[in-house]
Every structure is written in C-alpha cells, then in structure tokens.
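Enquirer: The chain contents come next:
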Amino acid sequence: MKKKNLTQEIWKARYLYLCLLPLFVWLIIFQYGPMYGVILAFKKYNARLGILGSEWVGLSNFKRIFITPIAKQAIINTLQISVSRLIWEFPMGIVVAILLTEMPGKKGKKVVQTVLTFPHFLSWVVVASILRNFLATDGAINVLLDSLRIGKVNFLGNEALFRPLLYATANWKEMGWSAIIYMAAIAGIDPSLYEAAECDGASRLQRIWHITLPGIRTTIAIMFILAVGGIMSAGFDQIFNLNNAMVENTARILDIYVYDLTFRSVPDYGFTTAVGMFTAVINLVMLLGANQVVYRLTGEKMFR
Amino acid sequence: MRKIKIRRKRWDGVQIVSTVLLLFFTVIILIPFWNAVVISLETARAYSLHPFSFLPMEFTLDNYKEMFEKGDGLLLAYQGTLITTIFGTVAGMTISVLAAFAFSRQFPGKKLFFRVMLFTMFFGGGLVPTYLLYRNLGLLNTYAGVIIVSLVSVYNIIIMKNGFEGTPMELQEAAMIDGANDLVIFGRVMLPLQKPIIATFTLFSMVGYWNNWYWPMLMLTKGNKNVLQLFLRGVVNGTILNNTSGTSMAAEQQQFPQGIKMASVFMVMLPIMLVYPFLQKYFTKGILLGAVKA
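Protein sequence lines correspond, in order, to chains Z and Y. For our numbering, add 1 to where a residue sits in the first sequence, where the first one is 1. For our numbering, add 491 to where a residue sits in the second sequence, where the first one is 1.
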C-alpha cells in the first residue's frame with residue numbers, strides 16, 4: 002500500500018524531476034566525473050598508462066609536501082597572507098558601512114556608493130592592468146612622488162611592498178561591496194534606539210559604539226567566520242595578475258604553486274593533485290567548522 | 492570658525508569626518524580609472540612630457556585606431572566573449588532556475604538530490620582531473636568548454652531556491668486546483684513573481700562570463716579563439732599588439748604601447764561601465780539575497 006503511494010508521489014512529481022534533469026546531467030559529468038581523479042594524489046602519474054593505470058605510491062605525494070621547501074613556503078605564505086587579510090581587509094567593509102550611514106545627504110551618498118562598489122564588478126585582469134599602469138615606475142604615482150622629491154618607488158617589483166600592496170588594492174576593489182551587507186544590517190536596527198540615545202544626550206560616536214556596532218554584531222561574526230573558513234584561499238586571481246618575477250617568492254600561495262606545477266613545469270600530476278587535495282580538505286574542514294560556529298551563534302545553518 | 496559652523500548648520504564632527512573620508516576613497520578609486528582613460532587618448536610624446544595630466548595634452552584616437560587595425564584580436568575576443576556570455580547565461584540560468592524551482596517544492600528523494608548537489612560545493616576533482624576530463628572530451632579550444640566549466644553555481648541555486656520558497660503557497664495551490672501541472676505553475680506563477688531574483692542572477696551570470704579569464708586561459712591555447720579578458724592580459728603582458736612590424740606609417744608615428752594598453756582596458760570594461768549605474772539596484776540585491784539573516 003505504502004509502496005503504491007510512493008510510486009504515485011513520484012509520478013505526481015515527474016515534472017519536478019524533469020526540472021532537475023539538466024542540472025544533474027551537468028553535475029554528474031562535469032563535477033562528479035573528475036572526482037575519481039583524486040586518486041591521482043596516491044599515484045605516480047604516467048601519461049601512457051592514464052589515471053587509472055598509473056602506479057600506486059601510497060601517501061608519498063603527501064609526504065613530499067612537507068619535505069619540499071618551496072611547498073612548505075607556499076603553505077606559510079598562504080596562511081600569512083590570509084591572516085593579514087583578516088586584519089587589513091576584513092574591517093574595511095564595516096568601516097565603510099558606518100561612514101556611509103553617518104554621511105549626510107542622500108544624493109552624495111548614492112554617488113559615493115556607486116563609485117565604491119563599481120570596481121567589484123571588474124575582473125582582476127582589468128583592475129591589475131589599471132593599477133599596474135598607475136603604480137608603474139614611470140606611472141602617475143611615481144611622477145607625483147618624484148615631483149615631491151620623495152623619489153621613485155618600484156611598488157610592483159618590491160618584495161617588502163608587495164603584500165601591503167595586495168591588501169591595499171583588494172580594499173580599493175572590494176571595500177564598497179563588502180560594506181553592502183553591513184549597511185543592510187544597520188538599516189535593520191530599530192530607529193527608536195537611536196532616538197532614545199539622542200534624548201539621553203549620547204554623542205554620535207557613542208551612538209555608533211553603543212548601538213550601531215552591537216546591532217550588527219551577529220553579521221560581523223558571521224562574515225568573520227566565513228572569512229576564516231576560506232583561510233586556504235589567499236586570493237589567486239589578484240596575486241596571479243599582479244605577480245611578477247621580482248616578487249614571486251613572497252607571492253607564491255598554494256593556489257599559485259599548484260598552477261605553476263601543473264602548467265609551467267614538467268607536470269607531476271600526482272604531486273599537484275596531492276597539494277590541491279591538501280588545500281581542499283583543510284578548506285572543507287574550516288568551512289564546516291565555521292558552519293557549526295555560526296549555528297551555535299545564530300541557530301541557523303548556512304549549509305544543511 | 493563660527494562662520495563655518497553656521498554654514499554647515501547641523502553637521503557635527505562625525506558627519507564631516509565620514510564625508511571627507513568617503514570623498515577621499517571615491518577620489519582614490521576614480522583617479523586610476525581617469526588616468527587610464529587619459530593615457531588611452533594621449534600621444535606618446537605628450538605622455539613622455541606629462542605622464543600624469545588631468546586631460547590629454549595632445550588628444551588623439553590613434554591608440555584605439557591602432558588597436559582595431561592591428562589586432563583582429565580584439566574583434567575575435569569580443570566575438571568569443573559575446574558567444575560565451577550569451578549562451579552561457581541562457582543555458583546556465585535555464586538549468587539553475589529550473590533546479591531552484593524544483594528544490595523549492597516537495598517531492599520524494601528531495602533531500603538526497605539536494606545533498607548530491609551540495610556535495611559538489613565542498614568537494615571537487617581538482618584542477619588536473621578536471622583539465623584532463625575536458626581534454627578527453629575534446630572540449631579544449633572550444634567555446635563550449637569555456638561555457639560548460641562555469642555553467643552553474645550551486646551556491647546561486649540555493650539562494651534562488653530560498654527566494655522561490657517565499658512565493659505564496661496559496662497561488663501555487665490555486666493553480667493546482669485549476670489542474671495546472673508543475674511546469675505550468677513554474678511558467679505562470681513562479682517566473683512572473685520571481686522576476687527580480689531571476690534578473691539579479693542573470694546579471695551576475697553575464698558579468699561572470701564577461702570577466703571570465705582563468706579557464707579560458709587554460710583552454711583556449713591555439714589562438715584561433717579568444718575572450719576579452721585574455722586579450723587584455725596579452726596586451727598588458729606585451730604578447731599581443733606589441734610587435735613593431737606594423738605599417739611604416741604607424742612606425743613613423745611612434746607606437747605608444749602604454750596608450751594601446753589603456754585603450755584595451757577601456758574597451759574591455761566599457762560595457763560594464765555603461766550598464767552598471769542603471770542596474771546597480773539589481774547588482775546590490777544579489778549579495779543581500781544571499782545574506783545570512785542577522
């Protein structure tokens with residue numbers, strides 16, 4: 002009896018399955034299809050034998066990650082850059098959101114917000130082209146510095162300046178965009194709180210400190226946890242497009258390293274896949290951990 | 492001091508500081524763009540004298556002319572970007588919207604299907620196996636490959652599904668009582684009601700394909716197919732349009748690589764610049780749709 006009901010239910014939902022069909026065809030061929038390839042991480046790839054035919058080598062590819070100096074350096078670089086981004090980039094969206102809320106005048110605010118969010122919709126290829134022109138040794142900034150008798154600075158080819166430059170340019174591109182989510186949170190704060198504070202004679206700064214910031218506390222926490230969840234991704238697009246021979250050692254994060262291993266040198270697909278898998282697993286663990294923390298915090302899960 | 496206070500009536504310190512800081516940010520963002528546009532309209536001679544001028548010292552369209560004349564590359568790249576953007580968005584959105592609709596309703600096995608989809612968000616085959624798959628399927632050096640590899644975003648499907656779940660159930664039930672099947676409900680109830688969400692993600696998809704460069708870079712290696720972002724990378728890195736084997740006329744006029752680079756930058760971002768101010772509402776909506784409720 003129950004079985005018949007299920008068949009009936011399935012038949013009733015036949016059009017819904019039809020709606021899912023194209024997605025699952027794509028998922029199975031192009032997402033699940035390459036997944037068997039992760040066994041490469043446990044093999045020594047031989048082009049003649051293919052992925053399945055290549056020889057098993059156990060965990061030796063993973064062991065190699067920790068004895069290859071350049072791979073170890075890439076792990077350290079990734080973590081250093083990610084953590085620095087949390088310090089230099091993460092607060093920027095909050096700052097901009099608060100500034101925008103405090104700025105008087107609707108029209109001016111709108112113009113400012115339009116300009117600030119615009120670069121988000123350009124690729125790092127475009128943004129890097131513009132910034133490389135602007136920061137070049139014969140570019141606008143250096144002409145200015147030169148005329149002020151400060152002297153020219155090779156912004157892009159200087160190992161010490163490269164990482165600060167990453168954080169500055171990422172803020173340049175993304176600060177307006179990351180402010181949007183906080184602005185929405187601020188808009189959701191009960192206005193009567195501000196009115197009451199005003200009656201009590203609270204200054205604007207006090208209102209920001211005691212009402213605005215606590216009011217968007219949860220949003221900040223969630224965004225922070227999400228950022229921590231992506232700690233192994235230190236910004237491939239940006240670094241790849243700003244990278245050059247003079248800074249490659251300080252710029253080599255894991256994603257760049259995997260790319261170089263795969264497409265620039267004699268490919269050792271087994272090792273490359275192992276490095277990729279190492280990154281992916283840590284990211285997965287971090288993200289699931291982040292999800293749990295958000296759940297504890299808000300009672301809502303981002304992923305079920 | 493007092494005068495200023497009177498003129499600015501109720502502006503207190505915080506408001507002044509916010510306004511000044513935000514105007515500073517705005518200017519900092521605008522200057523590199525402005526500088527790029529000015530250089531693209533400048534001659535090499537004027538640039539060498541005044542690299543940083545507010546307006547072109549010697550106005551010229553030569554850089555744009557040269558880019559169009561010398562590089563059939565630009566037209567090819569426009570063609571590639573248009574093909575992948577249009578077909579990729581239409582196909583990707585069709586698949587995503589249908590799936591989001593299905594997941595916004597109840598059916599046997601929904602949880603399983605959802606998990607099978609969700610899993611791909613966290614785990615994938617990685618760069619090498621994915622690349623090898625596309626190679627084995629003969630999708631390298633095809634626009635189809637470029638389209639397929641970024642066809643669907645599971646994350647966006649989930650956000651759309653959440654939005655679709657907000658469709659009043661009464662409307663769907665009323666349609667069902669009228670004997671409408673799920674496809675009819677999709678076309679008559681869901682699509683018209685959820686136009687804003689769908690518009691937002693269509694826009695995101697278009698921008699995504701427009702800005703696409705990573706997989707095209709890995710896939711389109713033969714030179715007979717290209718997309719704009721790759722073209723720009725080539726120009727800026729000096730691998731395209733930098734050969735001095737042009738006409739003797741152009742050689743006499745003294746080539747201006749920096750001008751050509753910035754002209755390319757401008758041509759690649761122009762469509763987004765034109766569209767963005769008018770559709771800003773939809774652009775910003777995207778992030779809020781996905782926002783975790785606070």
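Each hint should be verified, as a subset may be incorrect.
[Said to hold, decoys possible] PhoX-like cross-link-like pairs, simulated, lysine-lysine; straight-line CA separation at most 20 Å:
{"id": "1", "chain 1": "Z", "residue 1": "5", "chain 2": "Y", "residue 2": "686"}
{"id": "2", "chain 1": "Z", "residue 1": "45", "chain 2": "Z", "residue 2": "64"}
{"id": "3", "chain 1": "Z", "residue 1": "107", "chain 2": "Y", "residue 2": "652"}
{"id": "4", "chain 1": "Y", "residue 1": "713", "chain 2": "Y", "residue 2": "686"}
{"id": "5", "chain 1": "Z", "residue 1": "111", "chain 2": "Y", "residue 2": "772"}
{"id": "6", "chain 1": "Y", "residue 1": "772", "chain 2": "Z", "residue 2": "13"}
{"id": "7", "chain 1": "Y", "residue 1": "776", "chain 2": "Z", "residue 2": "110"}
{"id": "8", "chain 1": "Z", "residue 1": "111", "chain 2": "Y", "residue 2": "776"}
{"id": "9", "chain 1": "Y", "residue 1": "602", "chain 2": "Y", "residue 2": "652"}
{"id": "10", "chain 1": "Y", "residue 1": "686", "chain 2": "Y", "residue 2": "776"}
{"id": "11", "chain 1": "Y", "residue 1": "601", "chain 2": "Y", "residue 2": "556"}
{"id": "12", "chain 1": "Z", "residue 1": "13", "chain 2": "Y", "residue 2": "686"}
{"id": "13", "chain 1": "Y", "residue 1": "556", "chain 2": "Y", "residue 2": "652"}
{"id": "14", "chain 1": "Y", "residue 1": "601", "chain 2": "Z", "residue 2": "108"}
{"id": "15", "chain 1": "Z", "residue 1": "107", "chain 2": "Y", "residue 2": "602"}
{"id": "16", "chain 1": "Y", "residue 1": "772", "chain 2": "Y", "residue 2": "686"}
{"id": "17", "chain 1": "Y", "residue 1": "601", "chain 2": "Z", "residue 2": "110"}
Worth flagging that the hints you see were computed from the coordinates, not collected in a lab. Everything numeric in this text was worked out from a predicted model, so none of it was measured.
Enquirer: For each hint, tell me whether it holds in the structure or not.
Expert: These are the hints, each one checked on the structure:
1. The hinted pair formed by residue 5/Z and residue 686/Y fails the criterion: a straight-line CA distance of about 38 Å is larger than 20 Å.
2. At roughly 13 Å between alpha-carbon atoms, residue 45/Z and residue 64/Z fall within 20 Å of each other, so this suggested pair holds.
3. At most 20 Å may separate the alpha-carbon atoms for a hinted pair to count; residue 107/Z and residue 652/Y exceed this at roughly 34 Å.
4. With a C-alpha separation of about 40 Å, the suggested pairing of residue 713/Y with residue 686/Y is violated against the 20 Å cut-off.
5. For the proposed pair residue 111/Z and residue 772/Y, the alpha carbon gap of about 11 Å is at most 20 Å, so the pair holds.
6. In summary, the hint linking residue 772/Y to residue 13/Z is not supported, as the alpha carbons are separated by about 39 Å, beyond the 20 Å threshold.
7. Annotation: proposed proximity of residue 776/Y to residue 110/Z holds, straight-line Cα distance about 17 Å (limit 20 Å).
8. Restraint check for residue 111/Z and residue 776/Y: satisfied, since their Cα atoms lie roughly 15 Å apart, inside the 20 Å limit.
9. A C-alpha spacing of about 14 Å is found between residue 602/Y and residue 652/Y, which places the hinted pair at or below 20 Å, so the restraint holds.
10. With a CA separation close to 13 Å, the supplied pair residue 686/Y and residue 776/Y stays within the 20 Å bound.
11. Our distance criterion of 20 Å between C-alpha atoms is broken by residue 601/Y and residue 556/Y, whose separation comes to about 57 Å.
12. This hinted pair does not check out: residue 13/Z and residue 686/Y have alpha carbons roughly 26 Å apart, beyond 20 Å.
13. This hinted pair does not check out: residue 556/Y and residue 652/Y have alpha carbons roughly 47 Å apart, beyond 20 Å.
14. The hinted pair formed by residue 601/Y and residue 108/Z fails the criterion: a straight-line CA distance of about 47 Å is larger than 20 Å.
15. Restraint check: the Cα-Cα separation between residue 107/Z and residue 602/Y comes to about 46 Å, which exceeds 20 Å; the hinted pair is violated.
16. Proximity of residue 772/Y to residue 686/Y is assessed by CA-CA distance (about 14 Å); at most 20 Å being required, the pair is judged to hold.
17. A hinted pair counts as satisfied when its Cα atoms are at most 20 Å apart, and residue 601/Y with residue 110/Z does not qualify at roughly 45 Å.
In terms of the numbered hints stated before, the structure departs from hints 1, 3, 4, 6, 11, 12, 13, 14, 15, 17, listed from lowest to highest.
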